[in-house]
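Undergrad: Residue-level listing of the chains:
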Amino acid sequence: MNANTAFTLVIGLPLVGTPIIYLVGRLWARQNGQSNAANPARWLALLVLLATGVFTYFAVVSATADNTGISLNFGKLALTMDGLGLFLAVTVLALGILVTLFSAPYMQAEVGEEKFYALLTAMIGAIIGLGCATDLFNLWLWFEAMAVTSYFLVAFYHDQKGSLEAGWKYLVQSATGSTLVMLGIALAFAATGSLSFDQLRQAAASADPLLLAAGALFVVGFGVKTALVPLHTWLPDAHSQAPSGISAMLSGIVIEAGLIAMLRALGILYATSQVWGYLLLGFGALNLLVGNLMALRQTQVKRLLAYSSLSHVGYMLIGFGMAFAFAMPNGAIGGFFHLFNHALMKGLAFLAAGALLYALYIAKGHHGPLVLDDLNGASKRYPLTAFCFSLAVLALGGLPPLAGFMSKWQIFVSGFETGNTVAIILVIFAALNSVLSLGYYAPMVNRLYRGQPSQKVQDGKKIPPLLAVPMVILALAIVLFGFWPSLLTNLTSRAALGLFMLMGG
Amino acid sequence: MATTLLLLTIAIPWVGGLIVWLVGNKHASLQHRIAVAFALLAGGAGVALIPYSSSQIVVNLPLGSVFGDFTFVADGLGVFLTVVATVIGSLAVIFSVDYMHGEDQLGRYYAMVLFFIGAMSGLVLTSNMLLVFFFWEITALCSYALISFHNDDPKAVAGGIKALIITQIGGVGLLAGALLLFAVTGSMDFNALIANPALMPAKWLGIMAFGFLIAAAAKSAQFPFQTWLPDAMEAPTPISALIHAATMVNAGVYLMARFYPAFKDVPGWTTAVLLVGMITALMAAIMALVSNDLKRVLAYSTVSQLGYMFYAIGAGGIYASQFHLFSHSIFKALLFLGAGAVIHSVGTRDMRQMGGLGKQMPLVRAVFIIGGLALAGIPILNGFWSKEMVLEAGLAHAPIWTYIVMLVGAGITALYTFRCIWMVFYGQPQSEKHVHDAGPAMKVALIPLAFATLTSWLLAGSFGKLLGPETLPSHGIEISSLGEVIHEVLSLPTLIALIVIALGLAAWWWRGKLTGLSNALKGIGKAAADSFGFEAINRGIVKGTQSAAEALRATQTGLLNWNIFGIIAGLIIVLAVVIFGG
Chain A
0 MNANTAFTLV IGLPLVGTPI IYLVGRLWAR QNGQSNAANP ARWLALLVLL ATGVFTYFAV
60 VSATADNTGI SLNFGKLALT MDGLGLFLAV TVLALGILVT LFSAPYMQAE VGEEKFYALL
120 TAMIGAIIGL GCATDLFNLW LWFEAMAVTS YFLVAFYHDQ KGSLEAGWKY LVQSATGSTL
180 VMLGIALAFA ATGSLSFDQL RQAAASADPL LLAAGALFVV GFGVKTALVP LHTWLPDAHS
240 QAPSGISAML SGIVIEAGLI AMLRALGILY ATSQVWGYLL LGFGALNLLV GNLMALRQTQ
300 VKRLLAYSSL SHVGYMLIGF GMAFAFAMPN GAIGGFFHLF NHALMKGLAF LAAGALLYAL
360 YIAKGHHGPL VLDDLNGASK RYPLTAFCFS LAVLALGGLP PLAGFMSKWQ IFVSGFETGN
420 TVAIILVIFA ALNSVLSLGY YAPMVNRLYR GQPSQKVQDG KKIPPLLAVP MVILALAIVL
480 FGFWPSLLTN LTSRAALGLF MLMGG
Chain B
0 MATTLLLLTI AIPWVGGLIV WLVGNKHASL QHRIAVAFAL LAGGAGVALI PYSSSQIVVN
60 LPLGSVFGDF TFVADGLGVF LTVVATVIGS LAVIFSVDYM HGEDQLGRYY AMVLFFIGAM
120 SGLVLTSNML LVFFFWEITA LCSYALISFH NDDPKAVAGG IKALIITQIG GVGLLAGALL
180 LFAVTGSMDF NALIANPALM PAKWLGIMAF GFLIAAAAKS AQFPFQTWLP DAMEAPTPIS
240 ALIHAATMVN AGVYLMARFY PAFKDVPGWT TAVLLVGMIT ALMAAIMALV SNDLKRVLAY
300 STVSQLGYMF YAIGAGGIYA SQFHLFSHSI FKALLFLGAG AVIHSVGTRD MRQMGGLGKQ
360 MPLVRAVFII GGLALAGIPI LNGFWSKEMV LEAGLAHAPI WTYIVMLVGA GITALYTFRC
420 IWMVFYGQPQ SEKHVHDAGP AMKVALIPLA FATLTSWLLA GSFGKLLGPE TLPSHGIEIS
480 SLGEVIHEVL SLPTLIALIV IALGLAAWWW RGKLTGLSNA LKGIGKAAAD SFGFEAINRG
540 IVKGTQSAAE ALRATQTGLL NWNIFGIIAG LIIVLAVVIF GG
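Protein sequences appear in the order of chains A and B.
If you read the first sequence in numbering that gives the first Met the number 0, its first letter stands for residue 0, the second for the next number, and so on.
If you read the second sequence in numbering that gives the first Met the number 0, its first letter stands for residue 0, the second for the next number, and so on.
Keep in mind that a hint or two might mislead.
The calculated DSSO-like cross-link candidates involving lysine-lysine, where the alpha carbons are at most 30 Å apart (straight line), are [said to hold, decoys possible]:
1) A:Lys114 with A:Lys379
2) B:Lys521 with B:Lys263
3) B:Lys263 with A:Lys379
4) A:Lys461 with A:Lys114
5) B:Lys25 with A:Lys460
6) A:Lys460 with A:Lys379
7) A:Lys379 with A:Lys461
8) A:Lys114 with A:Lys160
9) A:Lys160 with A:Lys363
10) B:Lys154 with B:Lys464
11) B:Lys432 with A:Lys379
12) A:Lys461 with B:Lys25
Everything labelled a hint here was simulated from the structure, so no lab data went into it.
Given the sequences, and given the hints that come with them, work out the whole structure.
TA: Take a look at the structure:
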């Protein structure tokens, strides 16, 4: 199969599939009303995503050997799947397929299920497109598409006040961020007369004040979506109120897509100033500390996981900061490795929490938050879910032989390779934060394995087997990459190369 | 062959752990049998590896980039510790068959124990710094999981998390050193550094040396990280015997011994190791003297004896430190398993509720006394020979005042050992409990250990040859026969040491006449009970962190206006940084 055809399908399938999924689902729902049978929208969504994955594989396999990636031109619209785009596509499809599978029983009883799958597919399509953008306008466009679909997904339980509030705050704050990004794009255009990445980079050779201001606006604008501290305040509400599959997507890939957009934008401005790398490092340290300290005090499981996402973005920022500030390839490779691992680990954590939420609340028609006390003794009735949750959470804490350890290791290596005292102190700080995070991860594992189950666990319903399949797949992947981290080196180093080429080689 | 055996010492326990877990808790007796079988097989593999010891790399899995080549070397130090881990591990597993009889969630227990044994083998056999850290962290994970095995007991959970956090904090020191090695030399293989310390510039070598010391001190519960080990006694006693006496806590001593040739010329390092060992040895001995919890006495005793090993390393006596590690693993495992038999039977760990148990538990009393004599350093048990070697090394190469402190420590060791044995097995029974002697599986574990305590010193020569220049070219261990050891130990300093030890024993025997002295020292006793203020430091750190976290919650106002303000404030700060820093 021709690489261009495959690439066109990769971009086009989710977008074309979205309205079809919605229509099919809606028509079926109108026909069958209150039936308990499965809405075909979910299987259609799964099919579309699997097909996209297959075509991504074909695209990669038939791409040329050089590292410029596969390019497409729709008139004036140019899209290129370079290493970075490929990385983002692989990550979002891997997590997206598993989340769709998970959501099949999870969203079973919900009204408007077909909208869920349509929006999810659209969001995935938007993220793939974001990775392949070659100019600022497209970057912003796909970014906005991703944001809009995610607003609806966060507020999906529109009859619950908590979800609506979370969705509203997310919308307003994210829109603020997007406005700042637009201002930045305007300034960049004013300074250089072009929006294309290549032309911008060539024109952005020196410290033009307009470009510096644009860069600052990009950092803060995309930073709202990436949940940099102090721009993060929407995150705990949004990630805890969304349906659990969406929480997994949000923490696992949506905020990271914001990070990648920021990296693209800063990459082209690389030559204008040394400060971008230092900003990333500074925000990284802040995210680590604030994320961990706030998570320490949480009693709701999903809020705890949301704050922990803040700290893991901190690790990624440190990795990418090392790449920007000190030109350390391992920083970027490690950052991408951690991004991928975090999608797996946080994804698994949210899916396992979601499975428990399903069994203890949703299946009984309640809509309450899963609190720490509900976890007590859960391993007695739900051994697989408890094991997967423990695995995910210990992996997030950076314990070997799980994946999180290896990606953190790579980021830490990059910091020491700089030979710079401040960088080394920052790595020690990050390592100590890893230890701090165990202070809230480990007690959850202890709770799960108590001998005396909580009342909620005793009254809980069964967990459908289909919920277990994505969890087991993710758990196996986490163990695999923990023992054999070099399996992903090809993917992550191509992404890093894509980033470095954007920065000017 | 060496390759296969080496990989088997890791693979057999790990596969066994997986199988025990998969078998499921409904088949408890099958789980017991599988665990014992795999543990024994691992022990066999470890022992079979001894003849193949060499300094050659026997396993090499190149992974590239920042992960280095995953290499393993079956040298003397690694093989000896693997044998300790797997053989004592199998005895602890056998003991568990009786001790954990009827317990819930055995799959988790045995899986973690076997996972640990494999990780311990991996830790000491690898020559890749990343893998050292990798296995180091895995042992910490297993230790945490097993300390907090009874998750419904808040003390156990607290003890497990405390152990995890403190050893992990120390682990950052190991991480820093490992990363420095890779960043400076471009390779993860540490044998190159051990053979040639000049490979790393002095500044980085110094940071690495002290980073490793911090990690080792935390892992081995040395000053100032000693507070986690006593709380770890909430673990089931076979775990205390295996992990917190015979193997995991030795990882710190192993690290120091392994890297000694690389760090010995770093200014201040050997002195620091010496002082850490000395302070710990004395401090922990005093804490053991005032404790009434049987396992805590043994825990503090472990910390104290590890202090002797650190002291030996600081004084340059690598052979002495490893020989004492060898003896200590055996007699301390024996003491813990014996204590386990007592606790399992009596149902309490408080020695004030024991007394006079010797009549009803003759075998346990006998083996416990053997272990106690070894701990106190009475000839001719294994503890005597190794402790005297440690003291000789100190006398030869360390300042004389440190030697005197260690000597006093030996006396206190004898005192608290005698006190412990007396309170448990002699005197008047303090409660009307009916007790029974050790079960059959317990006996199977206890008797070989007692035998080894009496005889392991006979292997001193072979032990020296195992650690000799053929397998450890840089460590300078020259002892190769039992005669040399006997010759070194039978000397005047040993006689003086024995007199001090006899004084310690006498102090307990005539404790009635010494009440004036013990009253005068009550203040020290009270300080010792609270770990000389270190528990207060721990509590302070935890409280400080939780308060900071609680205070930070104010920033999550829940009000959209404040959130937007946060975004604008962020923008202003970033603009300022860009303008002034760009």
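Undergrad: State for each hint whether it applies.
TA: Structure-based check of all given hints:
1. With a CA separation close to 36 Å, the supplied pair lysine 114 of chain A and lysine 379 of chain A exceeds the 30 Å bound.
2. Among the hinted pairs, lysine 521 of chain B with lysine 263 of chain B is inconsistent with the structure: their alpha-carbon atoms are about 40 Å apart, more than 30 Å.
3. This hinted pair does not check out: lysine 263 of chain B and lysine 379 of chain A have alpha carbons roughly 52 Å apart, beyond 30 Å.
4. Between lysine 461 of chain A and lysine 114 of chain A the CA atoms are separated by roughly 26 Å; this keeps the pair inside 30 Å, and the hint holds.
5. Between lysine 25 of chain B and lysine 460 of chain A the alpha-carbon distance is near 22 Å, which keeps this suggested pair within the 30 Å criterion.
6. Distance restraint check for lysine 460 of chain A and lysine 379 of chain A: the Cα-Cα separation of roughly 13 Å lies within the 30 Å cut-off, and the hinted pair is therefore satisfied.
7. Using a Cα cut-off of 30 Å, the hinted pair lysine 379 of chain A and lysine 461 of chain A holds, with the two alpha carbons roughly 12 Å apart.
8. For the proposed pair lysine 114 of chain A and lysine 160 of chain A, the alpha carbon gap of about 20 Å is at most 30 Å, so the pair holds.
9. With a CA separation close to 19 Å, the supplied pair lysine 160 of chain A and lysine 363 of chain A stays within the 30 Å bound.
10. Note on lysine 154 of chain B and lysine 464 of chain B: the hinted pairing is violated, with a Cα-Cα distance of about 45 Å set against a maximum of 30 Å.
11. Distance hint between lysine 432 of chain B and lysine 379 of chain A is unfulfilled; the C-alpha atoms sit about 34 Å from each other, more than 30 Å.
12. Simply put, lysine 461 of chain A and lysine 25 of chain B have alpha-carbon atoms about 20 Å apart, close enough for the 30 Å limit, and the pair holds.
Hint check: violations occur at hints 1, 2, 3, 10 and 11; the rest are consistent with the structure.
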